[in-house]
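Number of protein chains: 4
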Amino acid sequence: MHHSPLSLPQDHACLTVHGPDSAGIVAAVTGMLARNGGNIVALDQYADETRGGKFFQRVVFHKAGLAVAMPGLREDIDATLRPFGLDWELRDQSVPKRMAILASKQDHCLLDLLWRRRRGELPVSIPMVISNHADTAEDVRSFGVPFFHVPSEKGPDKSRAEKKILELLRGNVDFVVLARYMQILSGDFLAEVGVPVINIHHSFLPAFIGANPYLKAKERGVKLIGATSHYVTEDLDEGPIIDQDTVRVTHADTVTELARRGADVERQVLARSVLWHAEDRVIRDGRQTIVF
Amino acid sequence: MHHSPLSLPQDHACLTVHGPDSAGIVAAVTGMLARNGGNIVALDQYADETRGGKFFQRVVFHKAGLAVAMPGLREDIDATLRPFGLDWELRDQSVPKRMAILASKQDHCLLDLLWRRRRGELPVSIPMVISNHADTAEDVRSFGVPFFHVPSEKGPDKSRAEKKILELLRGNVDFVVLARYMQILSGDFLAEVGVPVINIHHSFLPAFIGANPYLKAKERGVKLIGATSHYVTEDLDEGPIIDQDTVRVTHADTVTELARRGADVERQVLARSVLWHAEDRVIRDGRQTIVF
Amino acid sequence: MHHSPLSLPQDHACLTVHGPDSAGIVAAVTGMLARNGGNIVALDQYADETRGGKFFQRVVFHKAGLAVAMPGLREDIDATLRPFGLDWELRDQSVPKRMAILASKQDHCLLDLLWRRRRGELPVSIPMVISNHADTAEDVRSFGVPFFHVPSEKGPDKSRAEKKILELLRGNVDFVVLARYMQILSGDFLAEVGVPVINIHHSFLPAFIGANPYLKAKERGVKLIGATSHYVTEDLDEGPIIDQDTVRVTHADTVTELARRGADVERQVLARSVLWHAEDRVIRDGRQTIVF
Amino acid sequence: MHHSPLSLPQDHACLTVHGPDSAGIVAAVTGMLARNGGNIVALDQYADETRGGKFFQRVVFHKAGLAVAMPGLREDIDATLRPFGLDWELRDQSVPKRMAILASKQDHCLLDLLWRRRRGELPVSIPMVISNHADTAEDVRSFGVPFFHVPSEKGPDKSRAEKKILELLRGNVDFVVLARYMQILSGDFLAEVGVPVINIHHSFLPAFIGANPYLKAKERGVKLIGATSHYVTEDLDEGPIIDQDTVRVTHADTVTELARRGADVERQVLARSVLWHAEDRVIRDGRQTIVF
Numbered sequence: 294m295h296h297s298p299l300s301l302p303q304d305h306a307c308l309t310v311h312g313p314d315s316a317g318i319v320a321a322v323t324g325m326l327a328r329n330g331g332n333i334v335a336l337d338q339y340a341d342e343t344r345g346g347k348f349f350q351r352v353v354f355h356k357a358g359l360a361v362a363m364p365g366l367r368e369d370i371d372a373t374l375r376p377f378g379l380d381w382e383l384r385d386q387s388v389p390k391r392m393a394i395l396a397s398k399q400d401h402c403l404l405d406l407l408w409r410r411r412r413g414e415l416p417v418s419i420p421m422v423i424s425n426h427a428d429t430a431e432d433v434r435s436f437g438v439p440f441f442h443v444p445s446e447k448g449p450d451k452s453r454a455e456k457k458i459l460e461l462l463r464g465n466v467d468f469v470v471l472a473r474y475m476q477i478l479s480g481d482f483l484a485e486v487g488v489p490v491i492n493i494h495h496s497f498l499p500a501f502i503g504a505n506p507y508l509k510a511k512e513r514g515v516k517l518i519g520a521t522s523h524y525v526t527e528d529l530d531e532g533p534i535i536d537q538d539t540v541r542v543t544h545a546d547t548v549t550e551l552a553r554r555g556a557d558v559e560r561q562v563l564a565r566s567v568l569w570h571a572e573d574r575v576i577r578d579g580r581q582t583i584v585f
Numbered sequence: 294m295h296h297s298p299l300s301l302p303q304d305h306a307c308l309t310v311h312g313p314d315s316a317g318i319v320a321a322v323t324g325m326l327a328r329n330g331g332n333i334v335a336l337d338q339y340a341d342e343t344r345g346g347k348f349f350q351r352v353v354f355h356k357a358g359l360a361v362a363m364p365g366l367r368e369d370i371d372a373t374l375r376p377f378g379l380d381w382e383l384r385d386q387s388v389p390k391r392m393a394i395l396a397s398k399q400d401h402c403l404l405d406l407l408w409r410r411r412r413g414e415l416p417v418s419i420p421m422v423i424s425n426h427a428d429t430a431e432d433v434r435s436f437g438v439p440f441f442h443v444p445s446e447k448g449p450d451k452s453r454a455e456k457k458i459l460e461l462l463r464g465n466v467d468f469v470v471l472a473r474y475m476q477i478l479s480g481d482f483l484a485e486v487g488v489p490v491i492n493i494h495h496s497f498l499p500a501f502i503g504a505n506p507y508l509k510a511k512e513r514g515v516k517l518i519g520a521t522s523h524y525v526t527e528d529l530d531e532g533p534i535i536d537q538d539t540v541r542v543t544h545a546d547t548v549t550e551l552a553r554r555g556a557d558v559e560r561q562v563l564a565r566s567v568l569w570h571a572e573d574r575v576i577r578d579g580r581q582t583i584v585f
Numbered sequence: 294m295h296h297s298p299l300s301l302p303q304d305h306a307c308l309t310v311h312g313p314d315s316a317g318i319v320a321a322v323t324g325m326l327a328r329n330g331g332n333i334v335a336l337d338q339y340a341d342e343t344r345g346g347k348f349f350q351r352v353v354f355h356k357a358g359l360a361v362a363m364p365g366l367r368e369d370i371d372a373t374l375r376p377f378g379l380d381w382e383l384r385d386q387s388v389p390k391r392m393a394i395l396a397s398k399q400d401h402c403l404l405d406l407l408w409r410r411r412r413g414e415l416p417v418s419i420p421m422v423i424s425n426h427a428d429t430a431e432d433v434r435s436f437g438v439p440f441f442h443v444p445s446e447k448g449p450d451k452s453r454a455e456k457k458i459l460e461l462l463r464g465n466v467d468f469v470v471l472a473r474y475m476q477i478l479s480g481d482f483l484a485e486v487g488v489p490v491i492n493i494h495h496s497f498l499p500a501f502i503g504a505n506p507y508l509k510a511k512e513r514g515v516k517l518i519g520a521t522s523h524y525v526t527e528d529l530d531e532g533p534i535i536d537q538d539t540v541r542v543t544h545a546d547t548v549t550e551l552a553r554r555g556a557d558v559e560r561q562v563l564a565r566s567v568l569w570h571a572e573d574r575v576i577r578d579g580r581q582t583i584v585f
Numbered sequence: 294m295h296h297s298p299l300s301l302p303q304d305h306a307c308l309t310v311h312g313p314d315s316a317g318i319v320a321a322v323t324g325m326l327a328r329n330g331g332n333i334v335a336l337d338q339y340a341d342e343t344r345g346g347k348f349f350q351r352v353v354f355h356k357a358g359l360a361v362a363m364p365g366l367r368e369d370i371d372a373t374l375r376p377f378g379l380d381w382e383l384r385d386q387s388v389p390k391r392m393a394i395l396a397s398k399q400d401h402c403l404l405d406l407l408w409r410r411r412r413g414e415l416p417v418s419i420p421m422v423i424s425n426h427a428d429t430a431e432d433v434r435s436f437g438v439p440f441f442h443v444p445s446e447k448g449p450d451k452s453r454a455e456k457k458i459l460e461l462l463r464g465n466v467d468f469v470v471l472a473r474y475m476q477i478l479s480g481d482f483l484a485e486v487g488v489p490v491i492n493i494h495h496s497f498l499p500a501f502i503g504a505n506p507y508l509k510a511k512e513r514g515v516k517l518i519g520a521t522s523h524y525v526t527e528d529l530d531e532g533p534i535i536d537q538d539t540v541r542v543t544h545a546d547t548v549t550e551l552a553r554r555g556a557d558v559e560r561q562v563l564a565r566s567v568l569w570h571a572e573d574r575v576i577r578d579g580r581q582t583i584v585f
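In order, the protein sequences belong to chains A, B, C and D.
Numbering-wise (the working numbering), the first sequence opens with residue 294 and increments by one.
Numbering-wise (the working numbering), the second sequence opens with residue 294 and increments by one.
Numbering-wise (the working numbering), the third sequence opens with residue 294 and increments by one.
Numbering-wise (the working numbering), the fourth sequence opens with residue 294 and increments by one.
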């Protein structure tokens, strides 16, 4: 079964901007785009104080002949935004981001992402799935996606597995998704991978950090369980949160049932987060995210 | 018990714009604001097609000495937007909108609005409550709000009650909220009142239009009940929807329990809608609304 | 990829009871079970009036050597409940219900059910999938489930397709799920199929009955979209509702996006309903359902 | 404004049972009720393992002439359940539980409970409100409820305020609700008060234990905020959870807005929990609750 062709918007670019707020930024950006023949399709912005705080913006614009115009646009954007001290990124939306998935035995998040990609719901390409277990190989390949089995290793050899993964990823991906990968990535790995890594944690963070959150939830007797997607940082489960959701449970739900119901929340939260990241809707700001 | 003073934003204005989309609008608006020393605090926009559709925008900006600058701003806005064929409205956010509440015997939506106003949650003034029953007079007046009792009349005299209400409202209010008013307002009333009228309907429209929606919901055996706020038009329950929400119910809930649980949804949906309307976040577009 | 073996509860039976309420039913049922060495694991009941209304009960009990004891149990249940004028059903929970799925081109509900079955989430067997399009054949068969392609026919030949489906189903299934089947089944079909048929409708019924509910939702400008599962009756979209849910949308969502977001609600609502039906948690009562 | 008369069910009793599970309990209880002419109106039960775990049950039954029959019923219940080693409680539902409210400056939970009582939504009487601030005195008394001002004291005199509160409560109340009371009650207070104490915490516990949860939520960048009701124990925010709920927030919500939106969740969660406690739907089991 082939992936359905993605109908990515042609001649559309997304410009994200962030940095110190000051008067006139919006006029400067939109004036520059107008000068360049860009028609604004969507514009979101946020400033965290009325004056003097930080400024965040996402602009999607249509520009005929975008591919040819990109170098000139970049120059003009830079000339416009440098005086304001702003960071920016410009991306051609007709080029899908390349997403690698790291998975383990659990298949619910992994298959959901592959299936949504095939339906055309996620504007990404999936060059590879890497798993420390071989169980899902056949399923993954039935979606036409390469599967690599890199078994986890313990203790001093742990870094060997990570090195193999880094070799596979290097230059081939724009971001990595941990679809219930269940292995803690080392600081060295995160430093070297050079692209954003998104994780789905099976609790409503910051509640139930670490292992076995559904068991902890059962023991604490909570009446809701949740899931949290976040960018991975060296501090476990402390990275900037992208999205969260919860679902109602009762005293009668066993840990197994919590895990089953939580799996539905996990795959929904992760799918939304991947979509938002792929569409450049998420801007990181220290321990937080701005989601447009 | 006095109303707590509203801390309305000083020197902030809200500009809403809608009309035919065309290239360069955003640059023109934001450039004009920059020229006038306005610093953009919030900006939302929506175009219903990539090109050639309708355009909607809401901009909140800070401008020192706003009150004095308003006439000049209006001239510049008009000069800027007239070439685009756009409608616009400019409002000084330090001036609260004046909201009249029409109510009946049920007090849940009425008291919730009065209480939220007192807490400072709603940027409105409440010059009057009008009810066709006297039951809530004491409660309303304890909030320092004038209460007028205008009994409903049937048949040919119905218009007499409406005329009394129109006399009370004329020139005194910027919008009217029907907080479970339970009387159908005539087309004549709506034509003459000259300000937006917001209603809360106790169902998830378009399901269960008309009277007794909780009874109808029970008879149909639905598993969710809801509430819908909308602008009132001559067609009953057909006006543009502002907000909706639902809550889960079971076979064991009686009609009384549906009404009790629905009341919580009603007051939440209505309070959100009043807030959004008061902050100029809702733009009407035919049978629909844009909510920024 | 094989279905994981279902871990169905051994030596557990589910007894459902419904009929006229009267004093002493619960004592009679539970006393009879105690006499027979049944240990009650779960018990739910509902009476729609304090006295004189209808009575509904679901009891799950453990009984060592259940299979051998079933005939004796049935006799004793009948002797116990006949004097009360009650209908009842007894089912050995170690025997999964056989579920046929009827589908069309859309794969989201279909694949979700197959995948949940494989994970062991649904206590059913799936002897066949029947579709009027061949698109999903490969996917279905990869789950080890037989796929039959029965193209729809128009006009006078419509009944020919239905007859083929009836032949496939006859004697082989305990219930049928329409996983976005998109064909209206005739009254003759429903009369002959002889087992419950569950449908998922892509709206919050009774809003947007019939075709194209997402388009109608867009045109009406609703702020929530929903899905409804129900037993199929001759009156289109009027059957007893099993479950419903909604999700928040905005003016900016296109019909395509409504359909995409609705698909997530559809598969969740349908999966819950199938689970509840398979576990004998749903009792039909005229146009309504009791869900324990 | 008077409280509307509560329409409490006459001749209805609620029996709650908990203790070690064993075969035959349900038959024994329901047989005993049938013998005594009790007609079961509602029955819920839960056993935390198929065999050998704990058993929990709530039965509501109608019995003509209940008041006169209570002593005999108690004897028969005791004779029936003692052999099983079960604890039980029997309550005449026509007698409302007496609820004291402890509050502080924040009025949202306090007024919501008073208002729901007046509407007849809560089957309780409210003999007193005690607050460490006088701000809400007028509002409370307008509901016809006595208000006592007991200022908080620091350090060694803290116990003096607690003693005054204990004197007011002693013998007069069946449970206490902390409606955003903001003072930590001492272990001595809890030991002496002798009735259940329900608290509403303004976070999704166990996230953000302790003071300033909305500030902590903002700093952590969560995308949902929540509220949790629980029975108060000596361990702060560690008591058995009765109910929880969450609401979606964004990066743009300030701490003030989080608090405003959270207030809506708090009052809903607290009102539900008070209702459930008043109807004997909540059974404590160590650190957890069973909610029927």
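Please note that the accuracy of each hint is not assured.
Stated by the list, open to error - Restraint ranges, calculated between C-beta atoms of paired labels, are given here: (1) B:543 to C:328: 42 to 50 Å; (2) D:550 to B:380: 41 to 49 Å; (3) C:504 to B:430: 35 to 43 Å; (4) C:504 to B:529: 19 to 27 Å; (5) C:449 to A:412: 30 to 38 Å; (6) C:548 to B:502: 21 to 29 Å; (7) B:502 to C:504: 14 to 22 Å; (8) C:503 to A:437: 33 to 41 Å.
Since the hints were made in silico from the structure, they are not lab data.
The C-beta atom is built at its ideal place from N, Cα and C for all residues, glycine as well.
Checked hints:
1. Checked against the hint of 42 to 50 Å, the pair residue 543 of chain B and residue 328 of chain C fails, with Cβ atoms roughly 32 Å apart.
2. Our hint of 41 to 49 Å for residue 550 of chain D and residue 380 of chain B is violated, since their Cβ atoms are close to 30 Å apart.
3. In this structure the supplied range 35 to 43 Å is violated for residue 504 of chain C paired with residue 430 of chain B, their Cβ-Cβ distance being about 51 Å.
4. Take residue 504 of chain C and residue 529 of chain B: their Cβ atoms lie about 25 Å apart, and the range 19 to 27 Å holds.
5. Taken as a hint, the range 30 to 38 Å holds for the pair residue 449 of chain C and residue 412 of chain A, whose Cβ atoms sit roughly 36 Å apart.
6. With their beta carbons about 23 Å apart, residue 548 of chain C and residue 502 of chain B fall inside the hinted range of 21 to 29 Å.
7. Separation of residue 502 of chain B from residue 504 of chain C is about 20 Å and conforms to the stated range, judged on CB atoms against 14 to 22 Å.
8. Between residue 503 of chain C and residue 437 of chain A the C-beta distance comes to about 37 Å, which sits within the given range of 33 to 41 Å.
Going down the numbered hints, you'll see the structure goes against 1, 2 and 3, while the others check out.
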